[in-house]
Amino acid sequence: MPIITYREALNQALREEMARDDRVYLMGEEVGVYNGAYKVSKGLMEEFGENRVVDSPIAELGFAGVGVGSALAGLRPVIEFMTWNFALLAIDQVVNSAAKMLYMSGGQFNVPIVFRGPNGAALQLGAQHSQAFESWLAHIPGIKVVSPGTPYDAKGLLKSAIRDDNPVVFLEGEMLYNTKGEVPEEEYLIPLGKAQLKREGSDCSIITSGKMVLVAMQVADLLAKEDIHIDVLDLLTLRPMDVGAITASVRKTNRAVVLEEGWEVCGIGSQVVDYIQRDCFDDLDAPVIRVHQADVPMPYAKALEKSAKPDVAKTIAAVKQVMYR
Amino acid sequence: MATKKRTDAKSASDPALDREMLHSMLLQRRFEEKVGEAYALGKIGGFCHLYIGQEAVSTGIVGQLRHDDYVIGTYRDHGQALVRGITPRAIMAELFGRIDGCSRGKGGSMHLFDRNTNFLGGHGIVGSHVPLAAGVGFAIKYRGGDQVIVCFMGDSVVNIGAFHEALNMAALWKLPCLFVIENNRYGMGTSVERAAAVDDLSKRALGYKNMDGIIIDGMDVHAVRAASAAAIERARTESLPSLLEVRTYRFRGHSMSDAVSGTYRPKEELEEYTRLDPIFSLKAKMIADRVMTENDWDALEQEVAATVLDAWDFADQSPEPPLAALYEDVLVDTTS
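Those sequence lines, one after another, are chains A and B. In case it helps, our numbering puts the first sequence at residues 1 to 325. In case it helps, our numbering puts the second sequence at residues 1 to 336.
A portion of the hints provided could be inaccurate.
[Unchecked claim] Within a straight-line C-alpha distance of at most 30 angstroms, the following computed DSS-like cross-link-like pairs (lysine-lysine) qualify:
(1) B:Lys141 / A:Lys159
(2) B:Lys141 / B:Lys174
(3) A:Lys252 / A:Lys302
(4) B:Lys174 / A:Lys39
(5) A:Lys159 / A:Lys302
(6) A:Lys252 / A:Lys225
(7) A:Lys42 / B:Lys174
(8) A:Lys180 / A:Lys309
(9) B:Lys141 / A:Lys39
(10) B:Lys209 / B:Lys174
(11) B:Lys283 / B:Lys267
(12) A:Lys252 / A:Lys42
(13) A:Lys159 / A:Lys225
(14) A:Lys42 / B:Lys141
(15) A:Lys320 / A:Lys302
[Unchecked claim] To give an idea of the interface, some chain A residues facing chain B are shown, with a C-beta separation under 7 angstroms as derived from the structure:
(16) Ala19
(17) Val66
(18) Ala73
(19) Val95
(20) Asn96
(21) Gly106
(22) His139
(23) Ile140
(24) Gly142
(25) Asn166
Derived by calculation from the structure, the hints in this document are not laboratory data. This one's a predicted model, so the numbers in the text were calculated from it and none came from an experiment. Backbone N, C-alpha and C define an ideal beta-carbon position, used for all residues, glycine too.
Build out the structure end to end from the sequences listed, making use of the hints.
Here it is, written out as structure tokens:
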């Protein structure tokens, strides 16, 4: 099976879906002539032309709205945000337009749109460029939120997101674009709304998504050497969340660590823990522990930044805490 | 102005059109007066923004669109919806929060939608829908169609970022959009002079190439129709956007909860504009032109009153949405 980068996997998904359906187009800053700020759209303008790979002005609110409007009129836009930090300027279009249209029109106008781009911190980009917004976005009824951590998942989920008749928020990662993994040549789709067990183990569940899946897998590898076997559950879709997969894992291991990239307060992990306490109260052998970013804006200085981020060491410590080891 | 001349010629020669426009405006007026009554009786809740005084704008513009064109607007959307052809019954039922409403009772006054007439809503966030209009224009051009999108907005919108981002892209990409500012002189209670650092709002168009900026007398339905006809043609045949500043006036408060006049506008100003009432101006002109009699007018009033009463009765008898509808329409079901 070919091994490709996460970036290439997204590029393949875009190329295949644009070839499949001429209503699909890509719009965003630098997606065309520049080949993408992170090269996700490399070669697409050459292949599909400037009508379907559209360089926008730096105007997130405006072009996100153009995307929603075009979807109301029958197109299937993929809107690229250079990062989700900049998408805050467009949040009105995501929350008030895309997420509300079907409901407030009484079911008449759906918005088949994908808002995608990197989410969360990279390296030393400072406070305004290093934020993980998945819990903000997943809070909103009327949209789906997807957060793949591997090239295989990125491709299969992006294809499904583009084909979905609903607004889908698709969270990537600057630190993920260069990561590699196996991606088959034949076409495949990964359904939205389904979690995936990335590693089976009976001692403790780590429930996570996105970039943190890579951390969880490293933790599982390291702890296996200590004869601690981790169930790594990759949520893949944060809304709607696969509650059944969470409870199945926790009922098996009776212990859980919830690992996320974002901040603690009202984070994605808060919701996961709520599902666990509601459905697995009698199954738990220890309180659930959450691992997350320090509750501060991201600092620039290298050591401070490292200290702020959730990582392997913090996750291992959390697993040992729930295992009373 | 060239357009003005064409207007006068056309109006004098087309009594059928005059009657149609008079009917269109009067229906809006009497419908909304009834809405005011229903609101007072508690049959309509929430925010409700009446259009009374501005009817020439919707009639003049929407009345000449093609069936496959698109209309999008603000929370002050009853008038445009009526002219676009959403039935008075479906609109009244929506205002009453009933299942037969045009948005199945889920939208309310501010969110009228209708797929059959490409009515893309009433939108409640000031400025937010202007980029949506540019997006519809983008889709039209993407498909190589010759439809147009008309985007209604209030005067306060010209000061918000979304407006400028949308106009920039519409001009840059030559999108078939009419951006219609209904300048009723007040954004809620703040006058244009106190909010916009520009004297003529249409001058906002000067910042963008390919964008025409036009000032139109919004109390004169013929002027509105003629000037917008040129802009519609420009959008349809050349795929070029226009910014229309239609100078109008609302005879009621911003919404149902504030006074018609008071702290922010003097009573005398309201009275002055009331004398320019677009409906009674057209009526007077038609009687002077001898294309209508007082008896014809009375008959028109009776016809409109019957339509409005029928809408009320229909809405009143329409059931409330079943509670099961609460969880419907959040997402399109993609499980099948």
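In rising order, the numbers of the hints this structure does not comply with
3, 5, 12, 13, 16, 19, 22 and 23
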